[in-house]
Amino acid sequence: MTNEQQNVTAANQPMTSQNGLREGEGGEQKNKAEEEAQEPVLPTMTREQFMDASLDVIIRRNAAAAELEYLERQALTGLESEETLKSKSDQLRARLEALLSEQLRLASYNERRS
1 MTNEQQNVTA
11 ANQPMTSQNG
21 LREGEGGEQK
31 NKAEEEAQEP
41 VLPTMTREQF
51 MDASLDVIIR
61 RNAAAAELEY
71 LERQALTGLE
81 SEETLKSKSD
91 QLRARLEALL
101 SEQLRLASYN
111 ERRS
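So the sequence shown is numbered by the UniProt record's numbering: it starts at 1 and just counts up by one.
Any given hint could turn out to be false.
Said to hold, decoys possible - So the derived label-pair ranges between C-beta atoms look like this:
1. E83 x R47: 38 to 48 Å
2. E80 x T46: 39 to 49 Å
3. Q91 x I59: 30 to 40 Å
4. R73 x Q49: 35 to 45 Å
Simulated from the structure, these hints should not be mistaken for lab results. Just so it is clear, CB atoms sit at the ideal spot from N, CA and C, and this is done for glycine as well.
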């Protein structure tokens, strides 16, 4: 996003008065604190940063999934003990879940930016 696009985006944001109330659509006012309590705080990212973060998560998820698949193949061949494979497999599944959460958070961020 260029500097000019960011300035236009900022100019389109509703004004906030000194008492913390924001003028909403249709002349309604919302309490700024209530609005912020309902929405999680999201970092400000440029489009390039968002794309880089999204690609990074996808790459890490694919790598973890490939490693999990490799471990499952090793389990079939019996090259490592079941306990070792189970421990590694559980760690990889937890990492995959964390990466999925990160990917969903980024998708939510992207929707709110749009």
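Hint check results:
1. E83 x R47: 38 to 48 Å: 46 Å, holds
2. E80 x T46: 39 to 49 Å: Distance hint for E80, T46 holds at roughly 44 Å.
3. Q91 x I59: 30 to 40 Å: Roughly 18 Å apart at Cβ, these two residues miss the hinted range, so it is violated.
4. R73 x Q49: 35 to 45 Å: 37 Å, holds
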